[in-house]
Amino acid sequence: MAEELKRTPLYAAHQRLGARMVPFGGWEMPVQYSGILAEHHAVRTAVGLFDVSHMGELEFRGPEALAALQRLVTNDVSRLEVGQALYSPMCNDRGTVVDDVLVYRLGPDHYWMVVNAANTEKDFAWVRAQLQDRLGPELEVRNISDQVAQVALQGPLAQEVLQPLTDFPLATLGSFRAVTGARVGPVETLVLSRTGYTGEDGFEIYCRPEDAETLWNLLLGVREPAPVVPCGLGARDTLRFEACLPLYGHELDETVTPLEAGLGAFVKLQKGDFIGREALARQKEAGVTRKLVGLELLDRGGIPRQGYEVVHQGEVVGRVTSGAQSPTLGKVLALAYVPVALSQPGTELAVVIRARPLRAVVVPRPFYRRQTPAKGPAV
Amino acid sequence: MAEMIFPADLKYTREHEWIRVEGNVGTVGITAFAQDQLGDVVFVELPPVGTEVKAGQQFGTVESVKTVSDLFAPVSGKVIEVNTALEKSPELVNQDPYGQGWMIKIELSNPAELDALLDAAAYQAFLKEGH
Chain A
1 MAEELKRTPL YAAHQRLGAR MVPFGGWEMP VQYSGILAEH HAVRTAVGLF DVSHMGELEF
61 RGPEALAALQ RLVTNDVSRL EVGQALYSPM CNDRGTVVDD VLVYRLGPDH YWMVVNAANT
121 EKDFAWVRAQ LQDRLGPELE VRNISDQVAQ VALQGPLAQE VLQPLTDFPL ATLGSFRAVT
181 GARVGPVETL VLSRTGYTGE DGFEIYCRPE DAETLWNLLL GVREPAPVVP CGLGARDTLR
241 FEACLPLYGH ELDETVTPLE AGLGAFVKLQ KGDFIGREAL ARQKEAGVTR KLVGLELLDR
301 GGIPRQGYEV VHQGEVVGRV TSGAQSPTLG KVLALAYVPV ALSQPGTELA VVIRARPLRA
361 VVVPRPFYRR QTPAKGPAV
Chain B
1 MAEMIFPADL KYTREHEWIR VEGNVGTVGI TAFAQDQLGD VVFVELPPVG TEVKAGQQFG
61 TVESVKTVSD LFAPVSGKVI EVNTALEKSP ELVNQDPYGQ GWMIKIELSN PAELDALLDA
121 AAYQAFLKEG H
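Chains as they are written, first to last, in our numbering: chain A, 1 to 379; chain B, 1 to 131.
Derived by calculation from the structure, the hints in this document are not laboratory data.
Just so you know, even glycine gets a beta-carbon here, dropped at the ideal spot from N, CA and C.
Hints may be right or wrong, so weigh each one.
Have a look at the derived ranges for each label pair, beta carbon to beta carbon [as the list claims (entries may be wrong)]:
1) B:T84 <-> A:Q15: 57 to 67 angstroms
2) B:T84 <-> A:L5: 38 to 48 angstroms
3) B:R14 <-> A:R79: 39 to 49 angstroms
4) B:G99 <-> A:G314: 42 to 52 angstroms
5) B:G99 <-> A:G18: 19 to 29 angstroms
Using the sequences and the hints, build the whole thing.
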């Protein structure tokens, strides 16, 4: 029998809005309200609101929290000041990706690791297993996912929409900066950060589950300078795809390394020992044999989907991890792993759609980069 | 499913295609329910004119942002026209599923096959059963 799907505190709100609900990562989530394309364009040109309460939160507390996180993730957590966040792969000792996470430093000895919904239980078990000798008064790790809801307000107008609702001066909040306890309307938020998963400026707002609906309705009630459009996971996927932000289970899993995925900038081999370091150092030394690339289809004939074959001179050389007709760019695009020798922009390959090889060319990533910087202070 | 329309002059398949028969020619598309389930349609693949199709067999493919779905011929016959407007404007399938969103015209080779299709009332009853 299928496992019971979990519901976020905003489930009833989604139903009232007429959302289409789908199973995602063990959760019953809105995939769309008005339509994926309309929601996508709203975020690129104005502002949209997502329920991302399905994301998991692991809380690290204690004087050993930093050392624990340094061991778990590949990026350098020691450079985080209080009120900063970073993105990082979390690898196993083969150097392949257990999950990709955000790490927030919320206090001197207080961190959150925000993980993918479908991986929450796996990650919590993994983290505890890796740290079992260290857990104690000096290091507490808790899965607080049930005590945290999250909405993401994304788009070039996000700051204009949010500022009238909060005393916190958003213009002082830079990219990957976070503040705790900020008020948004009547809601005391847990964390408010200038982060997101759409390629646009925007905020992720964490709150108590009992406050989620108040926050959601407050933001959706904004009409100026543009109406806030409720957006589902469908638009979240096309938006992150255009920005080439990896999605666990597509670009990332326990068969690929961050170096192959083009995430080398988030692997800090010099920071000291961490899980997967040896394997990643060896791979960096030897060079990767395959790489994640962007592809633009030159022939019409369909949309590349996960698992579709990439061929070169009649031979299968790789597979598509994600693909879409880009709503912003109007092109049919894909991400795929291919041999390094075939990874240079301009290389001609083909993607097989319904038994037909369609011509494709390797193009630079990301497909989409926003023109205007985030509205926060220059870093 | 608030205001979905299922015109009474059409016949329907259990795979959510419709056919409008005029003389010996049937115009085929997908229903309001089908386009709503698919969401934004971004690609429609149709057979070349002249293709012989068989009732119940696949004649094409429709892709939305999220999914791929096969298209099935309601009846047998020869494809005598395809809606080339869908190449540039696949969203017509969403906007006007029974009009500008039509897909192919079939010259019927066995009109008796129409008797096996659902009328509007039977199709709506079929949808209510949860298909």
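Do the hints match the structure? See the list:
Range check, T84 of chain B to Q15 of chain A: Cβ separation about 40 angstroms, and the 57 to 67 angstroms hint is violated. Distance hint check: the CB atoms of T84 of chain B and L5 of chain A are about 42 angstroms apart, consistent with the given range 38 to 48 angstroms. The hinted window of 39 to 49 angstroms between R14 of chain B and R79 of chain A is violated, with their beta carbons roughly 60 angstroms apart. Checked against the hint of 42 to 52 angstroms, the C-beta distance between G99 of chain B and G314 of chain A comes to roughly 43 angstroms, which is consistent with it.
With their beta carbons about 24 angstroms apart, G99 of chain B and G18 of chain A fall inside the hinted range of 19 to 29 angstroms.
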